[in-house]
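There are 4 protein chains.
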Amino acid sequence: MGESFRKTSEEKVLRDPVHRYIHISYEVIWNLLNARWFQRLHRIRQLGGAFVVYPTACHTRFSHSIGVYEITRRMVSEIPEIRDSLNEREKITVMAAALLHDVGHAPYSHAFERILNLSHEDYTCRIIEEDEEIRSILEAASPGLAEDTADVIRHRSRNPLLSRLISGQLDADRMDYLLRDAYFTGTTYGEFDMERIFRTMRVINAMPVIKESGIYAVENYVMARYHSYWQVYYHPGARSYETMLFSLFKRLRNLHEKNAAPSVIPEFLPLLEGRELSLPEYFALDECTCSYAFMKLQSCGDPIASDLAERLLNRKLFDYMDASQENIAHVRACLSQSGFDPDYYLTEDDVMQSVYVPYTGEKDNAVWIRVHGGEIRELSDSSFIVSSLVRGKPLKDKRIYFPKEIRSLL
Amino acid sequence: MGESFRKTSEEKVLRDPVHRYIHISYEVIWNLLNARWFQRLHRIRQLGGAFVVYPTACHTRFSHSIGVYEITRRMVSEIPEIRDSLNEREKITVMAAALLHDVGHAPYSHAFERILNLSHEDYTCRIIEEDEEIRSILEAASPGLAEDTADVIRHRSRNPLLSRLISGQLDADRMDYLLRDAYFTGTTYGEFDMERIFRTMRVINAMPVIKESGIYAVENYVMARYHSYWQVYYHPGARSYETMLFSLFKRLRNLHEKNAAPSVIPEFLPLLEGRELSLPEYFALDECTCSYAFMKLQSCGDPIASDLAERLLNRKLFDYMDASQENIAHVRACLSQSGFDPDYYLTEDDVMQSVYVPYTGEKDNAVWIRVHGGEIRELSDSSFIVSSLVRGKPLKDKRIYFPKEIRSLL
Amino acid sequence: MGESFRKTSEEKVLRDPVHRYIHISYEVIWNLLNARWFQRLHRIRQLGGAFVVYPTACHTRFSHSIGVYEITRRMVSEIPEIRDSLNEREKITVMAAALLHDVGHAPYSHAFERILNLSHEDYTCRIIEEDEEIRSILEAASPGLAEDTADVIRHRSRNPLLSRLISGQLDADRMDYLLRDAYFTGTTYGEFDMERIFRTMRVINAMPVIKESGIYAVENYVMARYHSYWQVYYHPGARSYETMLFSLFKRLRNLHEKNAAPSVIPEFLPLLEGRELSLPEYFALDECTCSYAFMKLQSCGDPIASDLAERLLNRKLFDYMDASQENIAHVRACLSQSGFDPDYYLTEDDVMQSVYVPYTGEKDNAVWIRVHGGEIRELSDSSFIVSSLVRGKPLKDKRIYFPKEIRSLL
Amino acid sequence: MGESFRKTSEEKVLRDPVHRYIHISYEVIWNLLNARWFQRLHRIRQLGGAFVVYPTACHTRFSHSIGVYEITRRMVSEIPEIRDSLNEREKITVMAAALLHDVGHAPYSHAFERILNLSHEDYTCRIIEEDEEIRSILEAASPGLAEDTADVIRHRSRNPLLSRLISGQLDADRMDYLLRDAYFTGTTYGEFDMERIFRTMRVINAMPVIKESGIYAVENYVMARYHSYWQVYYHPGARSYETMLFSLFKRLRNLHEKNAAPSVIPEFLPLLEGRELSLPEYFALDECTCSYAFMKLQSCGDPIASDLAERLLNRKLFDYMDASQENIAHVRACLSQSGFDPDYYLTEDDVMQSVYVPYTGEKDNAVWIRVHGGEIRELSDSSFIVSSLVRGKPLKDKRIYFPKEIRSLL
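Top to bottom, those sequences are chains V, Z, C and R.
The first sequence begins at 1 in this note's numbering and counts up by one.
The second sequence begins at 1 in this note's numbering and counts up by one.
The third sequence begins at 1 in this note's numbering and counts up by one.
The fourth sequence begins at 1 in this note's numbering and counts up by one.
Rather than coming from a laboratory, the hints here were simulated on the basis of the structure.
Source: prediction; values computed, not measured.
Possibly wrong hints are sitting among the right ones.
Since the list gives no way to pick out one identical chain from another, each pair is judged satisfied if it fits inside one copy or across any two copies.
Unchecked claim - Result set (DSSO-like, lysine-lysine): computed pairs, CA atoms no more than 30 Å apart in a straight line:
#, residue 1, residue 2
1, Lys-404, Lys-7
2, Lys-211, Lys-398
3, Lys-91, Lys-316
4, Lys-250, Lys-398
Generate coordinates for the entire structure from the input sequences, incorporating the hints supplied.
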């Protein structure tokens with residue numbers, strides 16, 4: 001590997017409260033960061049509608065992405081067994097993949113993916129391989145780098161370690177978002193000791209494993225993940241916002257099918273048509289675009305679309321209760337009685353989480369521990385805490401949502 | 001004061017990483033927080049364009065406003081001499097004023113005020129007194145409360161202590177933004193010991209004064225302010241962004257005068273006409289609206305407007321140098337040579353800061369210290385640090401900005 | 001309860017990094033803090049020999065005691081259902097009990113209790129009721145207060161809530177030591193969200209219960225406890241130090257029985273005689289006294305006592321392995337072969353911890369949760385996490401310790 | 001440069017809340033840390049009597065010393081211009097000097113140095129060059145290393161950079177104690193951005209200089225130093241404790257001269273005789289020894305020695321006032337009237353601090369800044385803040401101390 005990648009004239013350093021500084025010394029990374037698809041991530045918040053519950057949760061996919069890059073950069077330069085097992089090109093590849101892993105992310109977290117029926121990973125790979133700017137930055141650094149970077153993201157890398165560093169069970173992506181979401185929401189549940197995990201990480205057969213002396217830190221990480229899911233990601237207020245978003249688009253599509261769609265900004269048209277979006281169409285759909293559209297929709301002719309848009313903008317969240325058959329029937333009746341169309345005003349949401357899913361054949365989906373003596377065991381075979389927890393059933397929460405206005409009727 | 005204000009059924013609590021929790025127990029406060037003008041603050045970032053320098057600086061005026069409210073709430077309930085000198089209605093008034101003090105804020109920090117030639121304090125008072133929703137929430141709580149709240153903001157309150165708590169030299173507004181901006185940028189320069197200031201705050205003749213034992217904390221606060229200004233608010237990158245914003249609007253207005261303005265979103269029209277905005281027109285101008293407009297402008301017919309919009313969206317910041325006559329002339333020449341119109345591509349910026357401005361007749365503009373023995377002295381008469389610093393001249397920085405493309409010619 | 005307790009002329013405030021400030025406004029508390037038995041706690045470290053593993057773990061029982069007082073003070077003044085259910089005298093009583101709960105603590109954490117075969121709680125109650133200074137401070141504040149304070153500590157208080165606040169499953173004592181030990185060792189495992197626990201604490205039938213919305217914080221607290229035990233309290237290095245301490249005293253006693261005890265400081269005599277210590281004798285045995293004695297023992301005539309003292313002072317810790325019969329036999333053989341007397345150079349240690357012990361009849365030994373609807377359930381019936389964990393067996397670790405010098409023979 | 005120093009079999013890692021982890025990979029460093037003179041530092045607190053004011057200030061010279069080592073280790077391995085300008089032996093030398101720089105420290109901070117009329121630096125160098133254990137560890141690693149290490153401490157190193165890293169105006173020693181004392185007292189005044197200083201440190205002519213972009217961090221460091229001095233080191237309570245200590249030893253010496261010294265522990269004899277201490281005599285004088293001696297002195301025959309010892313142990317601090325001639329005369333009169341011998345009960349203390357002393361010929365005593373363009377300027381020539389502050393006169397505080405008992409007479 002005689003290749004050598006160009007360095008920036010001076011190391012670039014960005015402030016970041018989670019990692020203190022983000023260090024960039026390769027030109028290819030710096031150029032990717034300045035590409036317009038990457039700059040677009042300034043306009044996509046990391047947690048979508050969670051700001052309705054945690055007012056400070058306004059951090060963006062931009063800062064998360066550079067955070068994942070920084071963790072990856074530290075992994076490939078500070079953890080000896082990783083550093084020594086990768087050549088410079090592989091290091092660049094995994095750092096680029098870390099930086100770009102969310103470049104195709106839709107607005108409003110995962111809500112839009114459901115609305116659009118798309119996978120952000122697919123768009124991410126398309127952008128890396130097809131966007132003129134991104135592709136040429138990568139190819140200029142090293143021929144084939146665009147495809148190789150996309151391969152890391154789609155778990156088809158020649159060296160499977162690369163994918164595992166940024167997307168596994170104990171990876172740079174999750175580590176960053178747990179720490180970052182904890183910091184920006186002000187919850188402490190997401191904190192864990194990343195330094196300890198770094199210090200005890202080894203590599204065996206291209207798989208990151210943790211020395212037994214790091215097992216407390218891993219247990220903490222697993223618990224942090226568990227608590228963050230329930231406190232932040234599955235918080236009923238945040239889910240309420242997302243189901244309202246879904247209802248609004250459902251309404252717009254239904255109107256569109258009947259040729260009754262209100263006149264809205266042109267960028268929304270592809271959404272209403274329900275077809276696959278081209279990259280430029282997708283690009284235009286950032287959260288500012290959506291927010292502007294919601295503002296316009298408030299005064300569109302359709303009362304349902306207008307009402308839902310107003311609720312989204314002014315945080316008039318749907319209320320919720322358990323999704324029993326009885327509750328559903330009762331809410332449905334009250335809605336009709338109050339003049340709310342249940343097609344749009346009764347939403348359902350189904351969340352489920354296991355603390356940790358133990359090994360079931362796909363070894364990428366497990367955390368591996370090297371116990372004293374050198375044997376490699378799966379986390380739930382080596383941690384009392386985790387083994388106890390996985391014996392329990394996954395926690396579920398199935399809820400229905402509806403306007404607060406009918407609360408008094410229930 | 002037999003009046004009694006309605007409490008919420010249970011105390012409302014919002015998470016906030018700066019103050020841990022925001023506590024709301026009065027209905028009037030809770031209702032104000034849910035008003036649409038207040039919810040709009042979710043769409044105005046606290047630091048405007050500073051995210052181009054500090055990627056995590058995406059916190060909003062919403063979170064700042066509830067932070068100022070929380071500091072004020074603590075002042076009127078935890079500092080004995082404040083708590084005991086105010087009746088319930090005065091406490092409600094100052095808490096409402098704290099919450100609403102930025103409700104009329106324009107997008108992009110102070111850049112828009114310069115563009116629009118407006119004062120956000122004026123709009124704030126207009127909204128409080130004229131917006132149907134806000135006004136009626138206040139008046140329902142107590143007749144006259146809307147005007148009284150606006151009076152606190154315009155420093156005409158019957159009890160001058162109320163204004164001094166939220167806007168003076170050592171006030172809830174500044175305390176919150178120093179702590180908050182430090183937290184969300186990841187700089188540590190803005191930190192100081194607010195608890196100590198609280199513990200040593202007394203009231204004399206309706207003026208907050210600090211006991212001498214709190215003087216270190218006040219010195220720290222003054223230094224925090226000084227460092228934050230240079231590190232964050234006056235950072236050349238952030239100023240560069242703001243001058244580009246100014247150039248873009250200047251261009252649009254000039255085109256408009258010549259009836260050549262590109263077709264842009266209708267919400268921008270009042271801006272181009274340069275007239276005073278009505279409240280609904282002003283409301284529509286949040287940062288999402290602007291961002292959407294910039295996106296559209298990229299493909300408008302005018303090459304200058306299109307180019308400036310693209311630079312704003314994709315962080316192609318102007319470079320800068322000292323504003324000497326020589327530099328200005330030289331840059332101007334290079335710009336012309338490269339085909340850049342200096343009217344829009346050469347911008348100037350003038351920042352100046354005193355560490356602390358000592359007393360010059362208006363006692364609201366000073367920090368007062370109660371020294372041992374009971375005498376009241378102005379800060380620069382009681383602190384060695386501050387007295388040394390005020391003897392220096394105010395620091396100035398006058399810079400010009402221009403596209404990086406001409407750097408090689410300079 | 002017309003009684004009124006004297007306040008200090010101004011509130012006394014002590015700095016503390018864990019709680020920021022300790023607030024004292026009652027004279028009786030301030031006087032207790034200045035009593036010589038309480039000042040003695042400056043000379044007893046909180047974690048005994050843990051400094052051999054965590055070099056910064058030098059914090060004292062003094063700071064822990066004022067921390068427990070501060071948590072208790074906040075409970076009785078900030079948690080509405082506690083504040084409103086106690087009269088002033090009860091509040092003083094529980095704050096005094098919180099402050100004094102460890103006043104009879106022996107040096108070197110719990111190691112000395114085993115050596116002396118004493119309970120520090122017994123000494124604590126004796127000091128409160130019998131020490132002239134402490135007793136008279138309490139009685140001067142209110143007749144009967146000494147006995148009432150001791151009753152809180154020995155769980156015989158008329159109002160059982162008082163005891164439960166400072167010693168239960170979720171009490172001021174544990175909350176302080178988890179936070180404090182985490183802070184001073186630099187481990188993050190002991191951190192949890194005390195503010196959340198405060199906000200969700202209610203009182204039902206004189207029992208503190210936690211609202212369901214606080215269950216995540218309680219789960220975190222339980223996990224913090226679990227991790228702190230294994231990382232700090234049961235750390236093999238710290239246990240090694242304690243077993244060496246035990247061996248040294250065993251040696252001294254055996255020599256004393258044979259009238260061959262080396263001449264050591266007079267304060268050690270009662271220890272060698274193995275009899276119950278009077279309060280003045282116990283008082284003299286702080287960690288400085290012990291350390292001085294170890295220094296002198298280094299040059300006493302007996303080679304075993306001298307060697308063990310030298311190991312304690314210079315951190316020459318015993319090594320350890322699992323306490324299997326085979327290991328014990330093998331180590332014993334190697335020791336004899338190397339000239340080490342196994343009576344003093346082979347020590348055993350047996351640690352065991354349950355994550356949480358569920359209710360088995362004594363309701364003080366459980367955490368109670370008030371679920372939605374108002375029902376009260378035990379923690380392991382309401383938390384998925386805790387219920388999973390209690391199904392596992394308690395974790396045990398049985399180890400033997402021996403000089404590193406024989407490692408090469410094993 | 002052929003030499004190669006032995007590494008430990010695995011990198012040793014110690015927890016430390018200030019630096020997270022202390023990393024040790026050289027055997028010579030590990031062996032020094034385990035030497036008995038170094039272990040003695042566990043028995044010398046960093047801030048002597050400051051615990052009477054800040055109850056948690058119990059951290060030791062041991063943890064400070066490993067902190068200074070860690071900062072130095074990072075400097076020689078992470079700051080490129082330092083890393084590249086030193087060979088391995090120089091790095092080992094400066095790390096050893098950093099670790100050992102306080103190995104000859106007396107108990108009770110600087111109070112003992114005044115009592116004993118000794119310099120701890122002299123003892124430090126003597127220990128490094130004369131103590132059998134320390135010397136042989138160093139010489140085994142590399143012949144001449146003991147003298148070279150001592151030379152770094154006494155500023156006679158061949159490469160002056162080595163001395164400047166651990167003792168200058170912006171050095172590892174100060175950086176550690178500011179951060180550490182802030183952490184363990186709970187004051188925030190000592191905090192500054194060490195990472196930024198690291199990132200902007202360069203080396204010019206064997207002198208560390210800071211790039212202009214780091215000037216805010218240096219200003220913060222200077223202010224942190226200033227505030228820490230007044231809040232912690234010069235706190236009247238801590239000084240009161242030290243002057244009482246001084247009085248006690250003065251009394252003992254005076255009694256000794258009259259052959260009337262109370263029978264006290266033998267380790268104190270050399271102190272009473274006022275002669276230079278041998279290393280073993282000095283070794284025995286740790287804070288535990290002193291504390292034990294104070295306990296014994298409480299019941300010695302001499303009422304003054306006994307009373308002063310009791311005051312030290314039980315925190316009965318002397319009160320204080322300004323040292324005007326009038327005050328001195330008045331206090332003296334009141335003391336006599338109350339039966340207190342002014343020779344021991346009237347103490348004086350004189351503290352003075354400049355914020356920063358600018359360059360006056362000895363370039364080691366200045367902080368140097370590399371401004372844009374490359375010129376090197378002294379800090380007070382490049383920082384507005386510092387230049388303002390140095391124009392002021394040094395702050396002085398001259399106080400007298402006396403027993404609180406006479407307060408009512410004053």
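Cross-check of the supplied hints:
no., hint, verdict
1, Lys-404 - Lys-7, "between (57 Å within a copy, 20 Å between copies)"
2, Lys-211 - Lys-398, "between (38 Å within a copy, 22 Å between copies)"
3, Lys-91 - Lys-316, "between (47 Å within a copy, 28 Å between copies)"
4, Lys-250 - Lys-398, "within (21 Å within a copy, 54 Å between copies)"
Consistency with the previously given hints is maintained throughout, with no hint failing.
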